[in-house]
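Participant: Take a look at the letters that make up each chain.
Protein chains: 2
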Amino acid sequence: MLTLHYAPNSRAGRIVWLLKELDLPFEMNAMRFHPEDLKSADHRKRHPLGRVPVLDDDDVQIYESGAIIEYVLARHAPGKLKPAVDDAEFPAYLQWFHYCEGMVMPPINTIVVQTLLLPPDRRDETVLQQAKKLLGKALAPVNEALQNQDYVAGEFSAADIMLGHACIMSGRLGVVGDDMAHLTAYIDRLLARPACAEAFAA
Amino acid sequence: MLTLHYAPNSRAGRIVWLLKELDLPFEMNAMRFHPEDLKSADHRKRHPLGRVPVLDDDDVQIYESGAIIEYVLARHAPGKLKPAVDDAEFPAYLQWFHYCEGMVMPPINTIVVQTLLLPPDRRDETVLQQAKKLLGKALAPVNEALQNQDYVAGEFSAADIMLGHACIMSGRLGVVGDDMAHLTAYIDRLLARPACAEAFAA
Numbered sequence: 000m001l002t003l004h005y006a007p008n009s010r011a012g013r014i015v016w017l018l019k020e021l022d023l024p025f026e027m028n029a030m031r032f033h034p035e036d037l038k039s040a041d042h043r044k045r046h047p048l049g050r051v052p053v054l055d056d057d058d059v060q061i062y063e064s065g066a067i068i069e070y071v072l073a074r075h076a077p078g079k080l081k082p083a084v085d086d087a088e089f090p091a092y093l094q095w096f097h098y099c100e101g102m103v104m105p106p107i108n109t110i111v112v113q114t115l116l117l118p119p120d121r122r123d124e125t126v127l128q129q130a131k132k133l134l135g136k137a138l139a140p141v142n143e144a145l146q147n148q149d150y151v152a153g154e155f156s157a158a159d160i161m162l163g164h165a166c167i168m169s170g171r172l173g174v175v176g177d178d179m180a181h182l183t184a185y186i187d188r189l190l191a192r193p194a195c196a197e198a199f200a201a
Numbered sequence: 000m001l002t003l004h005y006a007p008n009s010r011a012g013r014i015v016w017l018l019k020e021l022d023l024p025f026e027m028n029a030m031r032f033h034p035e036d037l038k039s040a041d042h043r044k045r046h047p048l049g050r051v052p053v054l055d056d057d058d059v060q061i062y063e064s065g066a067i068i069e070y071v072l073a074r075h076a077p078g079k080l081k082p083a084v085d086d087a088e089f090p091a092y093l094q095w096f097h098y099c100e101g102m103v104m105p106p107i108n109t110i111v112v113q114t115l116l117l118p119p120d121r122r123d124e125t126v127l128q129q130a131k132k133l134l135g136k137a138l139a140p141v142n143e144a145l146q147n148q149d150y151v152a153g154e155f156s157a158a159d160i161m162l163g164h165a166c167i168m169s170g171r172l173g174v175v176g177d178d179m180a181h182l183t184a185y186i187d188r189l190l191a192r193p194a195c196a197e198a199f200a201a
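From first to last, the protein sequence lines are chains A and B.
Position one of the first sequence corresponds to residue 0 (numbering that gives the first Met the number 0), numbered consecutively onward.
Position one of the second sequence corresponds to residue 0 (numbering that gives the first Met the number 0), numbered consecutively onward.
Okay, chain A solo, but in the shape it has when bound (with noise of 0.2 Å):
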């Protein structure tokens, strides 16, 4: 059995989304986005730092979203949301699920700490708008990418979860401008998936 260890607003909607595409069955433990749930006793000996997601499969726990979708792919899934080894796709996805952590989430989570999490008056302007710009940056490339296919890797893929969450929080904060069409198409694109709704309605 599988059950998700979940926060709204957070990289555990990457997993909700992935395991709705895989119409996999899953139970949820809902969170608040509070400190009193995540960084509970019980809540830190799934994660030490009291982050989400954690996913509990049988005897098995991880965090990370995601090594958390490479888990459910090859353990309960194969075959499905990656292209094979061989597959022309398979550096594309490759690349493009990584650059979602490596490129893309550092410059969001400075926006959110620096807009939501500090009180105003620890906030600091040069910081949030360095990091605006950062993630404008991080974002042209797959603008580009996007030009001539739907997603990034050939069908829609797993690294279309990891980096199209990563997209769709970048166009609630407001740093998906006008001069990113295909961005702006392609978010929309995975908004009309019901899995994506879903777990962006969570």
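Wrong hints could be hidden among the right ones.
If chains are identical, the list can't say which one is meant, so a pair holds when it fits in one copy or spans any two.
Once the Cα atoms are required to be at most 25 Å apart in a straight line, the calculated DSS-like pairs of lysine-lysine come out as [said to hold, decoys possible]:
{"id": "1", "residue 1": "Lys44", "residue 2": "Lys136"}
{"id": "2", "residue 1": "Lys19", "residue 2": "Lys79"}
{"id": "3", "residue 1": "Lys79", "residue 2": "Lys44"}
{"id": "4", "residue 1": "Lys38", "residue 2": "Lys79"}
{"id": "5", "residue 1": "Lys79", "residue 2": "Lys136"}
{"id": "6", "residue 1": "Lys38", "residue 2": "Lys136"}
{"id": "7", "residue 1": "Lys132", "residue 2": "Lys38"}
It is worth saying that the hints were derived from the structure and are not from the lab.
Using the hints, position chain B against chain A.
Facilitator: Coordinates of chain B only, in the frame set by chain A:
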């Protein structure tokens, strides 16, 4: 033929380390860690933001160190440096592989920016100290995971290259304290591997 586009003191060291562990022949395009090289028109054709590593494999070109590691293992070294899907260490391998960029590298990036890349008059001591604190917190679970094992997922694996590279960088940035004895021993253990030592000497 594999060609690694490289600059010192970057994530490109992970790929040198990997290829030497696997004894795979490769050519190296050794650039300086300098805008004249990394932001050149030639290199921007390989990576639009002028980052390293980038790997060429005949007609394939791929960036993001985590993606390159997965690509090399899948196409050139199947079964090596990675537990099989049904191996009990498979979840730990994935978790720590992704923990590197998800949790450890963001504060490392900030520390490097605030101590090396920004001119002194643009550095922010508060941002630097917050990043050091965050990095210490991110490393604590790694230290704990190493309490009873030499490597993060059983035998030495590519997860030790990803995460170990970040741990070694953390040590050089002065953030691995005396309270992290397991992590300190791990760093020494990794640097005793010839492939690792060569990668960090390059």
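Participant: Does each hint hold? Answer for all of them.
Facilitator: Comparing the hints with the structure gives:
no. : hint             : result
1   : Lys44 <-> Lys136 : between (37 Å within a copy, 15 Å between copies)
2   : Lys19 <-> Lys79  : within (13 Å within a copy, 32 Å between copies)
3   : Lys79 <-> Lys44  : neither (32 Å within a copy, 32 Å between copies)
4   : Lys38 <-> Lys79  : neither (34 Å within a copy, 37 Å between copies)
5   : Lys79 <-> Lys136 : neither (31 Å within a copy, 36 Å between copies)
6   : Lys38 <-> Lys136 : between (33 Å within a copy, 14 Å between copies)
7   : Lys132 <-> Lys38 : between (32 Å within a copy, 17 Å between copies)
Violated hints for the displayed structure, listed by number in ascending order: 3, 4, 5.
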